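Visitor: Sequence:
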Amino acid sequence: MQLALYNAIKTRLEAITDLKYVALWNNQFEREEENVSFNYPCAFIEFTDINYVDDLNLRQRCSMFVNIHIGFESYKTEDTSILTLKQTVNAALHGKSLEDQTRMLRRVEMQNFDHTNIQEYIIGYSVTGIDTSAMNLPTTEATVDTLDITIDPIITNYNIRTASPTIE
Numbered sequence: 001m002q003l004a005l006y007n008a009i010k011t012r013l014e015a016i017t018d019l020k021y022v023a024l025w026n027n028q029f030e031r032e033e034e035n036v037s038f039n040y041p042c043a044f045i046e047f048t049d050i051n052y053v054d055d056l057n058l059r060q061r062c063s064m065f066v067n068i069h070i071g072f073e074s075y076k077t078e079d080t081s082i083l084t085l086k087q088t089v090n091a092a093l094h095g096k097s098l099e100d101q102t103r104m105l106r107r108v109e110m111q112n113f114d115h116t117n118i119q120e121y122i123i124g125y126s127v128t129g130i131d132t133s134a135m136n137l138p139t140t141e142a143t144v145d146t147l148d149i150t151i152d153p154i155i156t157n158y159n160i161r162t163a164s165p166t167i168e
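In case it helps, my numbering puts the sequence shown at residues 1 to 168.
To be clear, the hints were calculated from the coordinates, so they are not data collected in a lab.
Just to be clear, a hint being listed does not mean it is correct.
[Stated by the list, open to error] Label-pair restraints from in silico Cβ distances:
1) 137 - 46: 25 to 35 Å
2) 33 - 2: 24 to 34 Å
3) 114 - 11: 22 to 32 Å
4) 88 - 145: 47 to 57 Å
5) 81 - 3: 24 to 34 Å
6) 46 - 157: 58 to 68 Å
7) 81 - 143: 54 to 64 Å
These numbers were taken from a predicted model, which means no experiment stands behind them.
We put the CB at the ideal spot given by N, CA and C, even for glycine.
Could you put together the complete structure from these sequences and hints?
Guide: Next up, the structure:
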């Protein structure tokens with residue numbers, strides 16, 4: 001479930017020309033010296049607060065938060081370009097969904113100020129969905145050749161009742 005969602009989010013973010021790098025979150029801003037180098041502005045995808053509830057036949061309902069960490073390098077005293085970029089990212093993700101998942105809905109935004117010349121902006125989205133990856137049910141393929149609908153409705157009462165009181 002997360003892999004399909006990750007790939008869909010990554011594809012949407014890579015379509016934003018202002019972003020130079022998109023990847024899975026691994027606390028890159030704190031570990032910039034040890035990680036593979038990347039260009040700014042960038043976006044990282046994090047899955048957090050993942051909860052599962054069991055349904056029948058090993059099917060599970062999942063609810064989680066997806067955080068998008070946007071990194072922006074700036075040496076200016078005040079640079080509001082990050083605000084434009086975060087709105088562009090939100091426009092690409094908010095309300096989008098995959099099969100068996102609800103729409104990604106923005107629930108929280110926050111800034112991390114604990115970096116020298118890097119501004120980090122985090123947007124959190126809630127997503128719920130169905131995980132059927134552990135299900136192993138037998139399947140039967142069938143082909144429908146024709147579909148006959150032979151029932152004609154018989155209307156015997158032509159009065160329309162609106163359930164509104166009669167005004168006299």
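Visitor: The structure should be examined with respect to each hint, and the outcome stated for every one.
Guide: So, going through the hints one by one against the coordinates:
1. Under the hint 25 to 35 Å, the C-beta atoms of residue 137 and residue 46, about 33 Å apart, fit the expected range.
2. Look at residue 33 against residue 2: about 28 Å separates their beta carbons, and that is inside 24 to 34 Å.
3. Distance hint for residue 114 and residue 11: a CB-CB separation of about 30 Å, consistent with the stated range 22 to 32 Å.
4. Range check, residue 88 to residue 145: about 50 Å between beta-carbon atoms, so the 47 to 57 Å window is met.
5. The hinted window of 24 to 34 Å between residue 81 and residue 3 holds, with their beta carbons roughly 32 Å apart.
6. Under the hint 58 to 68 Å, the C-beta atoms of residue 46 and residue 157, about 59 Å apart, fit the expected range.
7. The beta-carbon spacing between residue 81 and residue 143, approximately 57 Å, falls within the hinted interval of 54 to 64 Å.
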